[in-house]
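K.L.:
Since each chain sits alone in its own frame, please combine them into the complex, following the hints.
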Amino acid sequence: MVKVVLLRERRILDISYTGPIRDLLPLVDYGVETAVVLKNGSPVEEEEEVTEGDEIKIVPVVSGG
Amino acid sequence: MKCKCGHEAVYFRRYSGQHLCSKCFSRSIMKKFKDTIRTNKLMERGDHIVCGVSGGKDSLVLLYLYDKLREKLQFELTALTIDEGIAGYRDLSIPFVRKACKDLGVDLHIRSFKEDYGYSLDEVTTMKERLGACSYCGVFRRNILNRHARELGADRLALGHNLDDEAQVILMNLLRGDVSRFGRTGTFYRDVHPKFVPRIKPLREIPEKEIVLYAILNGIDFDFEECPYAPEAFRDDVRDFLNEMEEKRPGTKHSLLKTYDKIYPIMNERFTPESISTCEVCGEPSISSLCKKCEMLKKIEDSLSGQASPRI
Chain A
1 MVKVVLLRER RILDISYTGP IRDLLPLVDY GVETAVVLKN GSPVEEEEEV TEGDEIKIVP
61 VVSGG
Chain B
1001 MKCKCGHEAV YFRRYSGQHL CSKCFSRSIM KKFKDTIRTN KLMERGDHIV CGVSGGKDSL
1061 VLLYLYDKLR EKLQFELTAL TIDEGIAGYR DLSIPFVRKA CKDLGVDLHI RSFKEDYGYS
1121 LDEVTTMKER LGACSYCGVF RRNILNRHAR ELGADRLALG HNLDDEAQVI LMNLLRGDVS
1181 RFGRTGTFYR DVHPKFVPRI KPLREIPEKE IVLYAILNGI DFDFEECPYA PEAFRDDVRD
1241 FLNEMEEKRP GTKHSLLKTY DKIYPIMNER FTPESISTCE VCGEPSISSL CKKCEMLKKI
1301 EDSLSGQASP RI
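Chains A and B, in that order, give the protein sequences. Just so we're aligned, residue 1 is where the first sequence starts under the working numbering, counting upward by one. Just so we're aligned, residue 1001 is where the second sequence starts under the working numbering, counting upward by one.
By construction, these hints were calculated from the structure, which means they are not laboratory data. As the structure is a computational prediction, the values presented were derived from the model and not from experiment. For every residue, glycine included, the Cβ atom is placed at its ideal position computed from N, Cα and C. Check before you lean on any hint, since a few could be wrong.
[Said to hold, decoys possible] Covered stretches of chain B (in silico footprint by chain A; criterion: 3 or more residues with CB under 8 Å from a CB of chain A, positions within the stretch not fixed):
no.	region
1	1003 to 1015
2	1094 to 1108
3	1205 to 1219
[Claimed, not checked] Some chain B residues flagged as far from chain A (calculated, every beta-carbon gap over 10 Å):
no.	residue
4	Met1030
5	Ser1059
6	Gly1088
7	Val1179
8	His1193
9	Arg1199
10	Cys1227
11	Arg1239
12	Lys1262
Only chain B is shown next, with the shape it has when bound in the complex (with noise of 0.2 Å):
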């Protein structure tokens, strides 16, 4: 099939019925991008964006869009990456961002669990009784790219969700009928601590198939392998599902997004407090005095240090 423009066409966007070449597909990604943050108002002129980057495709397209973005618009861009100690994966995955960065002429700053927190991801799932490695790895994750966006004066947090990504939690979240966390998964935070800083996802419209064909189509190299603390049953199932319906109806994970964005602002209103309050031992914003991450750290020494091999 041809594209409009008369070129070959090497995608079938199959929502919207148009067949594309290489140029005008990489054309409506970025396209895409810019109207999601435009539409949003996800950044201002002059803006300090820090982007998360893990060496993944979401993550890498992120940061090669906001690159090609800075030709058109004055802003200043830092990738920040956190290691979080997953021998044979996150190891991989580093070299991949370190020759993004080196490429693009992006500042890269490297933080790591282990440096941070004093244990790995790795070791903490060494622990007996433990919650599943993703809980620890979500809150850990959280917070130390927030503290150190925000130690690098960072305007924004830019995270490389795509829209399987935010199709799959808004169902999973309903599904498991949390409604506080279901309110969260918008395009806009309202700023509830002063040390928060603004977390955006302009890929959030952007299929997560679209995003691995634009890495390919503009030679970006990435990490293809999976997280192996990632096999989550459940999400696994969400995943299958919205992908066999998107499969027989095509669009049904834009949709999904679309009514969520509709009904988000009565549910962000209804559901995040006006304000939290700081934790006591970190300082980082907490829901109670002692944050989540300091709950789950306090636990993990507790457990670590009775386990550890007695010292001669």
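With the rest of the complex left out, here is chain A (with noise of 0.2 Å):
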């Protein structure tokens, strides 16, 4: 399992997910030009693959305004 920490909307979900972020986005309502995504705390290419146990954390592009 995957931890997926979407920081906009407090949430936090498991999913079962192994490949690159890039296609992981999509799955969470997200793109390559509307997050910045950290895995284990630091960020990383969207390319960079997702393992099992990995925290991939969610920041949203968009805010204010």
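P.N.:
The following block contains the structure:
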């Protein structure tokens, strides 16, 4: 399982997923242009692979206004 | 992937094909900020820069970059925060501003709609017949920022608009056929009234996503909430469209801004009035004898005083 922390939504999801971050994003309604992704606490490129036990934090790009 | 310096990359800048490590990425943002200032002559040594800071990522990154620039260039830096009176939003973002200003040693001035106009934005939205909240907020915010920046002795009022903001506004004005506004999104402003403090946008070439990443990599704490009044169908559509295009064709947002900047001088020359007059009520710059802010305030006063519950 991968733990996905959605900061804006204040939700934590456990998702069964392995593969690049790029393809994980649409599963939680985000995209490359709309999220900055931290893997185990550090920013990573979207091609980075997600594996069992990782924690993925989604920081929304759009805020303020 | 590795950055060209050999360190692990944290970001792939798709529009330029670069893989960047944390250090090279942050350096590139500082460089873009400085280049935008230099190329567009946005400030001079010794200027007093008043930076509009909301507590969101854009304005805090802007303040942070200006603070770093102080190591190289001598100028005065002040933060100005406008409290529109949006419960559950602005009251939560202001502590981020206070903390940043304390950490960086920047003077902070906070002004509010309530104090200046007698009504908070939340109160304005209780009117029975009204425009969208953003219409009041935009007019009031522009007025209050300009006036207080001027009173603080600002040479320039710096705002945190990023590339996405600019690209969205350009496309929105184009799609709406709003030609006069279309000529007002550029890097420079003609001095049409002595009471106008020139507004500058040193982050306008930096994508919103890179601002967020810069804040994270540099330990800048920001409020990532979205204004409760912000969801606006038209802007959301334009934003989605631009993001979709950017994903398919990286560089779309930059191209749009570049195209705009090339035609901007012509638009500005053609559609900006040579000079504008002064509001007879408040003395601020205005196109007609009564400025938009005073016109709105009058309607608000008429409406809300009529709506108020009778006093015993």
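K.L.:
Under 8 Å between beta-carbons, do enough residues of the region 1094 to 1108 of chain B, three at least, approach chain A for the coverage claim to hold?
P.N.:
violated (count 0)
K.L.:
Does the claim that Cys1227 of chain B lies off the interface hold, with its Cβ farther than 10 Å from every Cβ of chain A?
P.N.:
4 Å, violated
K.L.:
Does the no-contact call for Val1179 of chain B survive, Cβ to all of chain A over 10 Å?
P.N.:
Non-interface label stands for Val1179 of chain B: nearest chain A Cβ at 25 Å, farther than 10 Å.
K.L.:
How does the coverage statement for the region 1205 to 1219 of chain B fare against chain A, requiring three or more residues with Cβ below 8 Å from a Cβ of that chain?
P.N.:
Since 6 is at least three, the answer is holds.
K.L.:
Are all C-beta atoms of chain A more than 10 Å from that of Gly1088 of chain B?
P.N.:
Nearest chain A Cβ is 14 Å from Gly1088 of chain B, so the label holds.
K.L.:
Far enough from chain A: is every CB of that chain over 10 Å from the CB of Ser1059 of chain B?
P.N.:
Incorrect as stated: the minimum Cβ-Cβ distance to chain A is 8 Å, not above 10 Å.
K.L.:
Closest CB-CB distance from Arg1239 of chain B to chain A, is it above 10 Å?
P.N.:
Since the minimum Cβ distance to chain A is about 7 Å, Arg1239 of chain B lies within 10 Å and the statement is violated.
K.L.:
At 10 Å, judged by beta carbons, does Lys1262 of chain B keep clear of chain A as stated?
P.N.:
The claim stands: Lys1262 of chain B keeps its Cβ more than 10 Å from every Cβ of chain A (closest is about 25 Å).
K.L.:
Within the region 1003 to 1015 of chain B, is the number of residues with a Cβ closer than 8 Å to a Cβ of chain A three or more?
P.N.:
The restraint on the region 1003 to 1015 of chain B holds, since 5 of its residues have a Cβ under 8 Å from chain A and three suffice.
K.L.:
Would you check whether the claim that Arg1199 of chain B is not at the interface survives, using Cβ distances to chain A and the 10 Å cut-off?
P.N.:
17 Å, holds
K.L.:
Would Met1030 of chain B pass as off the interface with chain A, using Cβ distances and a cut of 10 Å?
P.N.:
Nearest chain A Cβ is 17 Å from Met1030 of chain B, so the label holds.
K.L.:
Could you check that no beta carbon of chain A comes within 10 Å of the beta carbon of His1193 of chain B?
P.N.:
The claim holds: His1193 of chain B sits with its nearest Cβ about 27 Å from chain A, beyond 10 Å.
Of the numbered hints given earlier, the model fails hints 2, 5, 10, 11; all others are met.
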